[in-house]
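Asker: Hints in hand, dock the two standalone chains.
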Amino acid sequence: MKIFIGNDCKCYANAAVGRREFDAEFFDGKCSAFVEGYRYVPVGETWTRADGAVFAGEMISPWKDYNILAAAQAAYEQAQSESADMQAALEVLGVTNEEETT
Amino acid sequence: MIIPVTISKGGSAFGYIVANFPTTAASCTCSSGGTVLEADAAGLARGQFVFEVPAAGTWTVTISSGTDTESKSVSITTAGQAESVKLSSSLILLDGGDECIDITGGWAKLINTTATIVNTGSALVLTGQSANMCHCYTVNKIDVSGRKTLKMHIAENPNNINSVTMGLKDTKSYPDWIAKKDIGKGYTGDTELDISGVTSGEYWVGISIASAGYPLVLDKVELI
Chain A
33 MKIFIGNDCK CYANAAVGRR EFDAEFFDGK CSAFVEGYRY VPVGETWTRA DGAVFAGEMI
93 SPWKDYNILA AAQAAYEQAQ SESADMQAAL EVLGVTNEEE TT
Chain B
162 MIIPVTISKG GSAFGYIVAN FPTTAASCTC SSGGTVLEAD AAGLARGQFV FEVPAAGTWT
222 VTISSGTDTE SKSVSITTAG QAESVKLSSS LILLDGGDEC IDITGGWAKL INTTATIVNT
282 GSALVLTGQS ANMCHCYTVN KIDVSGRKTL KMHIAENPNN INSVTMGLKD TKSYPDWIAK
342 KDIGKGYTGD TELDISGVTS GEYWVGISIA SAGYPLVLDK VELI
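Here the protein sequences line up with chains A and B, keeping their order.
Heads up: the first sequence begins at 33 in this note's numbering, then just goes up one per residue.
Heads up: the second sequence begins at 162 in this note's numbering, then just goes up one per residue.
Only chain B is shown next, with the shape it has when bound in the complex (with noise of 0.2 Å):
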């Protein structure tokens, strides 16, 4: 059993792990042994927090957001060391070609269409044609339990699109949504969905568009 020790930063730090994590995480800490150092509200806030760490180690850094908690170990073995670790709490569903098999089971056409998908290596080429509309959703339904927020990335979004939908789907009827953003033309970059009132449950997650043979590039998805 551990018996957890706060100490607060202080002047006698052997070496220094720089901790950077969503802002969205309730808590970070750093342990080894019994010690465990906690970083301060401020840190929270900023997504980053400089752990001083008294003495050389493996130390845990782990951040939790409700139930979800994610550990990474750092090594620190001279005086005066610095390490940066980055962790993420979130879900990633989509990361560049990536495809995520795991959990998503890959990425399809929700509804069957001639729309077409095309993973490049790097992205999600999603095409429709005419009337066909391009639904790319995941092949699994994700469980979404404890997730706050759905996030993609859309590296390129051409203005002769005429709509594009993300958000999470529970049966594959269009325009049937349990949630759903709706992203403006020609729009590049993040853009998020709340979904913190979806509680539990799995659902198809994914992203609709109704264009005419132009295509959408998505390049990330992921549940935070």
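Bound-form chain A, shown alone (with noise of 0.2 Å):
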């Protein structure tokens, strides 16, 4: 999955000036919202912490509180499960989607 870390390393979902593309397996299948509370040191480059500490790459992990990420990724694959269960309900009625066949 396409990535897009600011110069704190901080990730994004999305492109932006200043932010730098990269693609990480690690975020396969994840929401934006749990993308978006990681942090990505690239390989060859470090981060340091607010506390002084230094960490080289490659390392990907959590900024933000990981237990809201999680809660924000079973939320995300919750809702991406029911659409799928919707749409194969609406396959068994006959309902097409316009939007597919236009």
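Don't take every hint at face value.
[Unchecked claim] Coverage of chain A stretches by chain B, computed from C-beta distances (three or more under 8 Å per stretch; other residues unrestricted):
#, region
1, 55-69
2, 76-88
3, 91-98
Calculated from the structure, these hints are not laboratory results.
Glycine is no exception: its CB is placed at the ideal position from the N, C-alpha and C atoms.
Answerer: In structure tokens, the structure reads:
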């Protein structure tokens, strides 16, 4: 999955000025809220924590409380599952998705 | 009830206690009875402070970091006596051949493959077998509450090992990690992973390697 990082190595789901693009399998299937709670330090680079500790890449770790990120991802997966169930039910009923037929 | 009395460093020292501690410690005190001496900011940043104790007795040096505290007692009996004390707020999970079983439950393959883990008495030797990676993790999930860093020491890491990844896991699925760090080919020495965002919870702690018969030697793992 493509991610974008700012100067502080925080991850973003979308591109913007000053953000660099990377491909990270770690984030495959993850929702944007989950991605944007993580920090990605590319290989060959370092990031310095507020207490002065220096970490070398490649490193992927949450900067936001992981419990919140896990809850967001679980809610996203639940919504994805319900959406798939709804789609299957509509297909059984013969209801077509107009967006897909146009 | 102890009433803290802060005494700044002065010229009336009876003895000296040299406290060595991690630079991550938020405070370091030296106390006896109602007297409490405090390390200054420079000492905390340096990870070392010399307490000039004003009287003989048993002095307790305490460091704190977040909700964690650790104390050690030092006896000063004669004038001019100097003692050194080392405190570590880290949680040791592997120390040489000591697998710290009380905490970890031992170290074993998290995912069952033909890879091997051998405790030589001074370290763990991890060896993958062709397509079978070696996933060496604590048997117990470890409470990481209040910890900010996962630190490992790699003693041997041949260039032939394709990948070495340390981290926290919540499932027995590869390649799912909560937090991870890829360690370079051939790298030996200390390596650290930031886990400050994992504020609570219990996870398997360990390392996964992909190698075809080449051993990686791991001799220290700690949570700081």
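Asker: It remains to establish, for every hint, whether it holds in the given structure.
Answerer: How the hints compare with the structure:
no.	hint	result
1	55-69	holds (count 3)
2	76-88	holds (count 7)
3	91-98	holds (count 8)
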